[in-house]
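Residues per chain are reported as follows:
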Amino acid sequence: MVEVIEETTGKDGRKVMKVAKENLLALLSDLKDNGFTHLSLITGVDRKSKLEVVYHLHNMNKNEYVVVKTETLDERVPSVTSLFKSADWDEREQYDLMGIVFEGHPNLKRLFLPDSWVGHPLRKNYDLSKVQYINMDENGDDYATFDPGDGW
Amino acid sequence: MIQEEKKNDSREWTELNMGPQHPSTHGVLRLKIKLDGETVKEVEPIIGYLHRNAEKICELDYYCDSLIYFDRMDYVAAMNMEVGYLEAAEKLLGIPPPERAKWIRVIMAELSRIAAHLVWAGAFGLDLGMLSPFFYCFVQREKILRIFTEISGSRQETNYMSIGGVYQDINENIIYMIDEFTKEFPDKLEEIFNAFVKNDIFMSRNKGIGILEPEVAINYGVTGPMLRASGIEYDVRKAEPYLVYDQLNFDIPVSYKKDNLARFLVRFEEMRQSVRIIKQAIKKIPDGPYFNPKAKKSLMIRLRGEGEVYARTESPKGEFGVYLVGDGGVKPYRVRVRSPSLKNLSVIRHLGKDVLIADLIAISGTIDLVFGEVDR
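Each protein sequence line maps, in turn, to chains X and R.
Going by my numbering, 9 is the number at position 9 of the first sequence; the sequence numbering is gapless.
Going by my numbering, 273 is the number at position 273 of the second sequence; the sequence numbering is gapless.
A couple of the hints might just be wrong.
Pair ranges (Cβ atoms, derived) [stated by the list, open to error]:
no.: 1; chain 1: X; residue 1: R110; chain 2: R; residue 2: G231; range: 29 to 37 Å
no.: 2; chain 1: R; residue 1: K32; chain 2: X; residue 2: M136; range: 39 to 47 Å
no.: 3; chain 1: X; residue 1: N63; chain 2: R; residue 2: Y176; range: 34 to 42 Å
Keep in mind that the hints were calculated from the coordinates and are not lab data.
We put the CB at the ideal spot given by N, CA and C, even for glycine.
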């Protein structure tokens, strides 16, 4: 049995399980064996002092839904790509926009933004006042420059 | 196994970039493919050309303002996107819409679903070299867009719904237009359907191509018509009814053939079911207010939400989910969108192995991609 820190019911009536990040992989693998084969969504939430990662899992046969939450202080969580293929792009997206490093991901690159982009836009401390441009040098590699002009 | 053998072979695979400016890529999809002769060995989609980070923009705005960014996600089915966002926002803010608004939303969402499927059908025909069905589809779609223009003032990015109801009540003129449409459309739909299926080339390019096994589909997170064409009877409208879908009679089309043609047939059957829903809803629509007075215009920007809500709806592409986190302020703390097209696109890495390059275009056509939603 995997140790669950807290089990509550959310505002929308879905079961929420909080788990330590060391036990995350074991819990998801348990759930997958119990019919939760569809990993619907991975969300990173920036709580300023820590990062929260939320997994929405779904059992299509029984029509059950469960939300698994874990927290990280050092921006690192284990990757679940070995269990769910759908985690691949979700984790890349959360790495791209939120800066969460998924340990064990086979190809952890930015999904939407250019590789040379500086910063992770969905972080609360991301500087919106600067405009960022992506340029290309003579070798074909791209690099970012900043314009202190009117941002948001 | 095949890959290992070929790599030992002295022949090299050709690398090719398909897109982002390629007519069959529905916008800005770029596929990096490795070819052995005419057989595709590896596909790697590269996305992000239309990325605007709508999630961040939504965080910077009031709850009511975010709606227009949702219109621009799946821009051919804006009404469905609005329903999806409002399902989450209304739960979080605690402002339920009145009954009449729910029925109006169902009618609009289903009209929008038909419009989205017609765009898909037309574009899919173009991918396979059929020009005329495209015009047939767009003539019918134009009738739906006229209804939207009448009700909201714009054709595609309607911004018709709002927190706590809809922007404007529907009048007799609109009910007449919808009635006329549902009367005429089924015959026209059969005409379009026959234009496709009576074409031998169309059939031979789709039958048995792009087989997607249900286990693979679930593992990749595929939902919507693509999943139903793989033999899994699953629809959010039935599984977790929202609005008033539990009071309506309709079937979930399923196909067990798993190929391109199955996906085509499922989408056409969905349009027929949508007409059925609209016909029922237009009769049952109750009298009463069309917006919740708690959310009238002057109070709209003072709405505060706290807690976490995940709401999912059935958009034309699949399960559209919105995860909202509120911290008690007037702006959302975190907005996360589950876009079905993105998940459906990721499965092309599996489907596009060992197929002909012409089949890859047919396969990417059946996925039903809209890049506003994939890149957000």
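These are the hints, each one checked on the structure:
With their beta carbons about 35 Å apart, R110 (chain X) and G231 (chain R) fall inside the hinted range of 29 to 37 Å. Under the hint 39 to 47 Å, the C-beta atoms of K32 (chain R) and M136 (chain X), about 18 Å apart, miss the expected range. At roughly 39 Å, the beta-carbon separation of N63 (chain X) and Y176 (chain R) lies within the given 34 to 42 Å, and the hint holds.
Hint violations for this structure: number 2 only, all remaining hints satisfied.
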